[in-house]
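Top to bottom, those sequences are chains E and W. The numbering of the first sequence is our numbering, which starts it at 1 and goes up by one. The numbering of the second sequence is our numbering, which starts it at 1 and goes up by one.
None of these hints come from the bench; they were simulated from the model. Treat the hints with caution; some may be incorrect.
Since the list gives no way to pick out one identical chain from another, each pair is judged satisfied if it fits inside one copy or across any two copies.
To be verified - Derived lysine to aspartate or glutamate pairs resembling EDC-like cross-links, with alpha carbons at most 16 Å apart:
| hint | residue 1 | residue 2 |
| --- | --- | --- |
| 1 | K2 | D27 |
| 2 | K89 | D59 |
| 3 | K89 | E76 |
One-letter residues, chain by chain:
Protein chains: 2
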Amino acid sequence: MKLFSFWRSLATFRVRIALNLKGITPDEVIDVNLMQGKQREEAFRKINPMMALPALIEDDGTVLFESLAILEYLDETHPNPPLLPRGAKARARVRGLAQIIACDTHPLIVPRVREYLAHEFKVDEEGVLRWGHHWHTQALQALEANLAVSPHTGRYCQGDQITIADICLAGQAAGSSYFKVDLAPYPTVKRIVDTCMAIDAFARAHPLKQPGAPASL
Amino acid sequence: MKLFSFWRSLATFRVRIALNLKGITPDEVIDVNLMQGKQREEAFRKINPMMALPALIEDDGTVLFESLAILEYLDETHPNPPLLPRGAKARARVRGLAQIIACDTHPLIVPRVREYLAHEFKVDEEGVLRWGHHWHTQALQALEANLAVSPHTGRYCQGDQITIADICLAGQAAGSSYFKVDLAPYPTVKRIVDTCMAIDAFARAHPLKQPGAPASL
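Please build the complete structure, drawing on both the sequences and the hints.
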């Protein structure tokens with residue numbers, strides 16, 4: 001199994017956490033430097049025409065793309081420990097929370113979008129930071145509103161089992177730090193993230209622990 | 001079952017297609033007028049703090065949100081006809097294609113983002129149209145690149161079975177028409193969309209067939 005990765009990619013952070021939780025070590029981790037635009041070069045474009053990280057190549061050559069699809073794949077092919085609860089309603093809540101982050105929020109702050117704002121709309125650095133701050137805040141408010149009152153919230157987003165919602169929440173928290181968003185106003189989010197980040201599988205997967213990452217942001 | 005819907009919402013279009021394919025008729029369809037900002041009012045905010053459509057309330061009061069999570073829920077609770085293939089790799093491809101649309105593209109062109117661009121960055125109408133056109137084109141190029149060469153593409157995105165990838169592709173095509181993006185340069189996408197839209201479950205779910213919709217765009 002080969003993983004295409006970059007230290008800063010939050011979507012790849014999700015996949016790294018899942019791999020660690022499942023005890024899977026990729027045979028190779030291939031660096032695609034998003035800051036140098038390597039995801040747009042022909043070599044990677046052939047792997048994933050969407051030119052986005054992560055991508056995973058299975059031993060038979062099958063290419064997997066989109067982080068949530070990869071998480072579900074890893075859960076189906078390596079069921080222990082499970083990353084989704086059993087009941088359909090619980091699964092829907094976990095997937096819904098994950099998608100607030102992975103669909104409604106993260107795609108708005110990825111490099112290609114920030115670059116479009118800067119180049120096409122001439123938004124300055126402060127404006128791009130404000131943009132990122134805004135969408136992160138919207139997501140954190142929605143997540144806190146759900147997590148703080150739901151009877152299904154436990155040690156983690158859904159009861160006491162680590163799920164893909166927690167994996168996405170850890171990525172959300174890392175992304176919030178990129179945009180200087182304080183988690184203090186979102187105490188349930190912060191509690192769950194802190195609980196997750198104390199776990200080795202999460203901590204080792206953190207962007208700042210990857211090759212090429214700076215010591216701090 | 002209650003469905004919160006708006007004619008123009010592409011994410012709700014996805015859920016309507018799935019409901020039709022599964023032969024489920026919601027007891028009530030509640031209109032949330034996105035053009036009037038009704039999704040931000042307290043009544044709907046209590047249902048979905050993310051203030052986005054669709055939302056689905058089950059008979060026991062369980063609230064479901066995020067269209068892909070709802071599609072998976074409907075598939076788990078009403079397995080026939082299935083909306084995902086059987087093999088893990090095929091499922092990953094279907095989910096990946098769906099997520100190119102539902103994660104990487106559609107969230108960029110929803111009302112709240114268009115409104116932010118207009119109000120905060122003073123992007124004019126032509127600029128917002130260009131923005132929508134750009135992201136649709138990026139997605140269509142990536143989807144065509146995958147669908148045109150993959151040996152797994154058949155009558156539909158994955159073989160001859162309708163899946164959530166086709167459902168999302170139909171939404172992508174409807175969204176592309178909002179932004180005047182021609183599908184002609186993407187013949188495989190267009191062929192699959194045309195095949196889908198000839199099916200009653202897709203055709204009846206189309207935005208322009210919903211209460212309150214204009215005769216054309």
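Could you tell me which of the hints above the structure violates, numbers in ascending order?
The structure conflicts with no hint, since it agrees with every one listed earlier.
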